[in-house]
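Take 408 as the starting number for the sequence shown in the numbering used here and just add one per residue.
FYI, nobody ran anything at the bench for these hints, they're computed from the structure.
For clarity, every value in this text was computed on a predicted model and none was experimentally measured.
Note that CB positions come from ideal geometry on N, CA and C, so glycine has one too.
Take the hints with a grain of salt, since some may be wrong.
Straight-line Cα separation of at most 25 Å, SDA-like style, residue types lysine to any residue; simulated pairs [to be verified]:
#, residue 1, residue 2
1, 451, 480
2, 451, 425
3, 451, 472
4, 451, 487
5, 419, 451
6, 451, 439
7, 451, 476
8, 451, 438
9, 419, 456
10, 451, 511
11, 451, 491
12, 419, 448
13, 451, 436
14, 451, 441
15, 419, 438
16, 419, 472
17, 419, 432
18, 419, 453
19, 451, 437
20, 419, 444
21, 451, 432
22, 451, 493
Pairwise CB distance ranges, derived in the manner of DEER restraints [said to hold, decoys possible]:
#, residue 1, residue 2, range
23, 520, 445, 28 to 36 Å
24, 524, 421, 21 to 29 Å
25, 420, 460, 15 to 23 Å
26, 518, 420, 41 to 49 Å
27, 459, 525, 26 to 34 Å
28, 429, 487, 33 to 41 Å
29, 540, 448, 14 to 22 Å
30, 540, 460, 30 to 38 Å
31, 536, 456, 33 to 41 Å
32, 539, 453, 17 to 25 Å
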Amino acid sequence: ALMLLEELQEEKLQPNEVVYGAVLRSCRMQGQWLEACQILANAKLAEVPLTVRLSSELMNVCAQASEWQVACSALAELQSLRLEADVVAKNSAIAACARGFAWPAALQLLEDLAVPGEVSYTSVINACGNGHEWSLA
């Protein structure tokens with residue numbers, strides 16, 4: 408996927424949100440969170456607008472890699488751009504917190520959700536369990 412993205416750029420073709428999203432999904436399958444961060448940075452440099460969808464893809468990569476700080480930063484960036492993160496994006500950040508043993512951050516994200524669902528609660532329960540905070544779970 409990364410090679411095809413490079414080929415597109417070498418051919419002077421402008422990748423769009425769909426292309427970058429596909430490459431980010433490929434990074435998730437390969438566990439390449441650093442590459443995913445670089446790809447999203449390159450998309451911004453290429454003036455591809457940051458969307459909730461692209462940020463969610465990055466947060467999913469980060470969740471797979473237990474990189475909760477990067478996922479939370481991506482969520483914060485959406486908020487700074489006044490883009491409304493949907494429940495999927497927020498759940499991705501919560502899942503990253505769960506995998507990264509960051510139960511306080513997961514609890515805070517849960518509190519920030521207007522209408523948390525089963526996935527939200529399950530991820531926070533996992534985060535508390537991973538952090539040995541059984542009383543909170």
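Here is what the structure says about each hint:
no. : hint                  : in the structure
1   : 451 - 480             : holds, 15 Å
2   : 451 - 425             : holds, 14 Å
3   : 451 - 472             : holds, 22 Å
4   : 451 - 487             : holds, 15 Å
5   : 419 - 451             : holds, 17 Å
6   : 451 - 439             : holds, 19 Å
7   : 451 - 476             : holds, 20 Å
8   : 451 - 438             : holds, 22 Å
9   : 419 - 456             : holds, 18 Å
10  : 451 - 511             : violated, 30 Å
11  : 451 - 491             : holds, 18 Å
12  : 419 - 448             : holds, 18 Å
13  : 451 - 436             : holds, 22 Å
14  : 451 - 441             : holds, 16 Å
15  : 419 - 438             : violated, 28 Å
16  : 419 - 472             : violated, 32 Å
17  : 419 - 432             : holds, 23 Å
18  : 419 - 453             : holds, 12 Å
19  : 451 - 437             : holds, 22 Å
20  : 419 - 444             : holds, 22 Å
21  : 451 - 432             : holds, 17 Å
22  : 451 - 493             : holds, 21 Å
23  : 520 - 445: 28 to 36 Å : holds, 29 Å
24  : 524 - 421: 21 to 29 Å : violated, 36 Å
25  : 420 - 460: 15 to 23 Å : holds, 21 Å
26  : 518 - 420: 41 to 49 Å : holds, 44 Å
27  : 459 - 525: 26 to 34 Å : violated, 21 Å
28  : 429 - 487: 33 to 41 Å : violated, 26 Å
29  : 540 - 448: 14 to 22 Å : violated, 34 Å
30  : 540 - 460: 30 to 38 Å : holds, 32 Å
31  : 536 - 456: 33 to 41 Å : holds, 38 Å
32  : 539 - 453: 17 to 25 Å : violated, 44 Å
Violated hints, listed in ascending order, are 10, 15, 16, 24, 27, 28, 29 and 32; each of the other numbered hints is respected by the structure.
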